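Using the sequences and the hints, build the whole thing.
Each chain, letter by letter, is given below.
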Amino acid sequence: MSELVIELGEGEGVEKVEEALRSKPLVRRLVIRVAANDRVSPIELLKGLLVGNISRTIMVYAKGERDEA
Amino acid sequence: MKLDIVITSDRTMITNHHGREFLGFVATGPPIGMPERLWMWICAPKPKVDKWGKPVEAPYGLRKIEAALVNAGFNAAIIDPDHLGPYLKHAKVLMVGHHDYFAMASPSIEWWLMTGSEPVNRRSFLRLMRRPEIREAKKRGLKIIAGGPAAWQWLWNLEYWREFGIDTVVDGEAEKVVAELAAKALNGEELPLYVYVGPDDVPSLEEIPEIRGASVNGLVEIMRGCPRGCKFCPVTLRPLRYYPLDKIERELRVNASAGLDRCILHSEDVLMYGARGLEPNPDALLKLHALVKKYFKTLAWSHVTLAEVKYAQEKYKLITRLTEIVYDEHQQYLGVQIGLETGSVNLARKIMPAKAVPYPIEMWPQVVEDAMAVLHEHRIVPALTLILGLPEETEGDLVQTAELLDRLKNYRCLIVPMFFVPLGVLRDRGWFLKEHLKEGHVEIMRKCLWHSLRWAEDIVSSFYLKGARNAPLRWALKLFIAYVKKKAKEVEKWLEETGWEGVKRAETESAALQPLARVCRA
Numbered sequence: 000m001s002e003l004v005i006e007l008g009e010g011e012g013v014e015k016v017e018e019a020l021r022s023k024p025l026v027r028r029l030v031i032r033v034a035a036n037d038r039v040s041p042i043e044l045l046k047g048l049l050v051g052n053i054s055r056t057i058m059v060y061a062k063g064e065r066d067e068a
Numbered sequence: 000m001k002l003d004i005v006i007t008s009d010r011t012m013i014t015n016h017h018g019r020e021f022l023g024f025v026a027t028g029p030p031i032g033m034p035e036r037l038w039m040w041i042c043a044p045k046p047k048v049d050k051w052g053k054p055v056e057a058p059y060g061l062r063k064i065e066a067a068l069v070n071a072g073f074n075a076a077i078i079d080p081d082h083l084g085p086y087l088k089h090a091k092v093l094m095v096g097h098h099d100y101f102a103m104a105s106p107s108i109e110w111w112l113m114t115g116s117e118p119v120n121r122r123s124f125l126r127l128m129r130r131p132e133i134r135e136a137k138k139r140g141l142k143i144i145a146g147g148p149a150a151w152q153w154l155w156n157l158e159y160w161r162e163f164g165i166d167t168v169v170d171g172e173a174e175k176v177v178a179e180l181a182a183k184a185l186n187g188e189e190l191p192l193y194v195y196v197g198p199d200d201v202p203s204l205e206e207i208p209e210i211r212g213a214s215v216n217g218l219v220e221i222m223r224g225c226p227r228g229c230k231f232c233p234v235t236l237r238p239l240r241y242y243p244l245d246k247i248e249r250e251l252r253v254n255a256s257a258g259l260d261r262c263i264l265h266s267e268d269v270l271m272y273g274a275r276g277l278e279p280n281p282d283a284l285l286k287l288h289a290l291v292k293k294y295f296k297t298l299a300w301s302h303v304t305l306a307e308v309k310y311a312q313e314k315y316k317l318i319t320r321l322t323e324i325v326y327d328e329h330q331q332y333l334g335v336q337i338g339l340e341t342g343s344v345n346l347a348r349k350i351m352p353a354k355a356v357p358y359p360i361e362m363w364p365q366v367v368e369d370a371m372a373v374l375h376e377h378r379i380v381p382a383l384t385l386i387l388g389l390p391e392e393t394e395g396d397l398v399q400t401a402e403l404l405d406r407l408k409n410y411r412c413l414i415v416p417m418f419f420v421p422l423g424v425l426r427d428r429g430w431f432l433k434e435h436l437k438e439g440h441v442e443i444m445r446k447c448l449w450h451s452l453r454w455a456e457d458i459v460s461s462f463y464l465k466g467a468r469n470a471p472l473r474w475a476l477k478l479f480i481a482y483v484k485k486k487a488k489e490v491e492k493w494l495e496e497t498g499w500e501g502v503k504r505a506e507t508e509s510a511a512l513q514p515l516a517r518v519c520r521a
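In order, the protein sequence lines correspond to chains F and G. In terms of numbering that gives the first Met the number 0, the first sequence is residues 0 to 68. In terms of numbering that gives the first Met the number 0, the second sequence is residues 0 to 521.
Treat each hint with caution, since some may be false.
DEER-style ranges, computed between Cβ atoms [what the hints assert, rightly or not]:
no.: 1; chain 1: G; residue 1: E135; chain 2: F; residue 2: R28; range: 50 to 60 Å
no.: 2; chain 1: G; residue 1: M362; chain 2: F; residue 2: E9; range: 55 to 65 Å
no.: 3; chain 1: G; residue 1: L494; chain 2: F; residue 2: E17; range: 40 to 50 Å
no.: 4; chain 1: G; residue 1: A182; chain 2: F; residue 2: S54; range: 26 to 36 Å
no.: 5; chain 1: G; residue 1: E391; chain 2: F; residue 2: K23; range: 42 to 52 Å
no.: 6; chain 1: G; residue 1: R129; chain 2: F; residue 2: E9; range: 31 to 41 Å
If you want the footprint, here are the derived chain G segments under chain F, 3+ residues with CB under 8 Å [stated by the list, open to error]:
no.: 7; segment: 189 to 199
no.: 8; segment: 489 to 495
With a Cα cut of at most 25 Å, we get these calculated BS3-like pairs of lysine-lysine [claimed, not checked]:
no.: 9; chain 1: G; residue 1: K246; chain 2: F; residue 2: K62
no.: 10; chain 1: G; residue 1: K138; chain 2: F; residue 2: K62
no.: 11; chain 1: G; residue 1: K88; chain 2: G; residue 2: K183
no.: 12; chain 1: F; residue 1: K62; chain 2: G; residue 2: K183
no.: 13; chain 1: G; residue 1: K1; chain 2: F; residue 2: K62
no.: 14; chain 1: G; residue 1: K1; chain 2: G; residue 2: K138
no.: 15; chain 1: G; residue 1: K47; chain 2: G; residue 2: K88
no.: 16; chain 1: G; residue 1: K175; chain 2: G; residue 2: K88
no.: 17; chain 1: G; residue 1: K485; chain 2: F; residue 2: K46
Keep in mind the hints are simulated off the structure, nothing from the lab. All values derive from a computational prediction rather than experimental measurement. C-beta atoms are modelled at their ideal positions from N, C-alpha and C, and glycine is treated no differently.
This is the structure in structure tokens:
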């Protein structure tokens, strides 16, 4: 199954993911790693993409987060 | 006993609803006309637990997760929410699941929008997550993983995601991914924040584990997926998988050996079990029902479709043949939930073009009426659901729905209008909120209310809660019905005097509604 891994650095937004998917529309599994200081801001950043997704497996990770607990 | 992984939910989920699954719907509303404690007792009494605090009956979805973990060698179990304390002193992972964490699904959302008061399922879940034993365990490093059919709601409730310290949200069929997540959590490895399990990654039949403890009211799945492709429904996105009879029987045995005498067959359309395309398979269905009655006194269906009811009866006399198997000295009626969705052919063509198959969609209102006649004749009591506020809905569509409701007057059923919730293919569409309600919607809701009140007393007294054993519940529900009738008359009078637009102008949004309105507009 085709998998795509995308890393979002500080200041990069969901547009980078959308652009990558436009160039590889057949991707079925998407792993997104987002630079973040906490475990919720990546979801805030990607919310529109995640809410609208129905067809692909998506996994979101936070890079460099500080544990809030 | 110590556990590495504790699986739980709040009281509205960890309950058997007095053995009456339909009472679970009461948990989708706010407490109206009575104290919350009494409301909770009606819909969510404390269940029987064993000496370790494990509920005898637990939600089927949580049972699947428990089975997947135990089969993979993890020390995991479902624990009643009132017995979490001792386990959370040692557990490393807490898994929670829910049908409706934040009361954003139907019908919770419309009770909330219409009354301005938070439904008890949401209140109960928030209370659970704010318990000191969970907070303290979280401070010690407990990992919290949330999933279940309402996992999507976390995307709309990031403040709670942050407040409760949720580590991972899993949306979709989780049996294939849960063991890997558990291993990562226990080993201190990096966990994903969010996992959406797409259609290519759902478990195959062989990968779906069998439950190891009894499910609430003996619910067992007989298939997953649905071929009808309705745009508002997330189930239709998943591939179709029929459980073979021997797999179903092993789960029936688990429930029977726990002492349960009732069973609910779960499917988006029970009459589709073993179907070839959309052609029913009478042999498979007759065998399935005979098998269930071998183990249990009573049986219920979770869902069927109206087209399948009409077709199966017209072609195979199948409703008659199935009820001949089901009805005996223990059971004289059958309960089921059915999606009516709309009475408009135009709207049906746009959002659910295959809903009437094998009949043309132009026949949808006739299919509904004919199927309801079959159900009424066979003492099958449906709770019908309508969707208000579907994308592209017009005033004309609402008029057609209202006309169809008039034609259903004499059929024994409850009819529940639900506001459109963006799910399935329509997941990215806007929410339907109270401010979008038009006169046509109000008229439909009025018709549904009076239809349901008319039939509710009959259903409660003659079918659902017969006998001396059910007298307290019957009394409480009759009192509630009388209260709703009184309130409905007051609201009708107000509407007659002011009109819906006048009511909207006069009304200021209540404080309790503001969190919901903010979330849905975000």
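Inset, instruction - Decide if the proposed pair is consistent with the structure: G/K138 and F/K62, CA atoms, cutoff 25 Å inclusive. - result: Measuring from Cα to Cα gives roughly 22 Å; hence the hint holds.
Inset, instruction - Test coverage of the segment 189 to 199 of chain G by chain F using CB-CB distances below 8 Å; three residues minimum. - result: Answer holds; 10 residues pass the 8 Å Cβ test.
Inset, instruction - Please test the hint of 31 to 41 Å on the beta carbon pair from G/R129 and F/E9. - result: At roughly 33 Å between Cβ atoms, F/E9 and G/R129 fall inside 31 to 41 Å, so the hint holds.
Legend entry - Given pair status - G/K138, G/K1, alpha carbons within 25 Å: holds, 19 Å
Legend entry - G/L494 paired with F/E17, Cβ distance criterion 40 to 50 Å: The hint (40 to 50 Å, Cβ to Cβ) holds, given that G/L494 and F/E17 are roughly 46 Å apart.
Inset, instruction - Below or equal to 25 Å on CA atoms is what counts here, so check F/K62 against G/K183. - result: holds, 16 Å
Inset, instruction - Would you check the hint for G/K485 and F/K46, treating anything up to 25 Å between C-alpha atoms as holding? - result: Violated, at about 44 Å.
Legend entry - Pairwise hint evaluation, G/K88 against G/K47, where the allowed Cα distance is 25 Å at most: holds, 23 Å
Inset, instruction - Mind checking the alpha carbons of G/K175 and G/K88 for me, to see if they're no more than 25 Å apart? - result: Given that 25 Å is the threshold and the Cα spacing comes to 28 Å, the pair is violated.
Inset, instruction - Take the C-alpha atoms of G/K88 and G/K183, compute the straight-line distance between them, and say whether it is at most 25 Å. - result: Roughly 20 Å separates the two Cα atoms, so the pair holds.
Legend entry - Coverage assertion for the segment 489 to 495 of chain G with respect to chain F, Cβ distance below 8 Å, three residues required: Check failed, 0 qualifying residues.
Legend entry - Hint consistency between G/K246 and F/K62 [alpha-carbon to alpha-carbon, up to 25 Å]: violated, 42 Å
Checked against the numbered hints above, the structure breaks hints 1, 5, 8, 9, 13, 16 and 17 and satisfies the rest.
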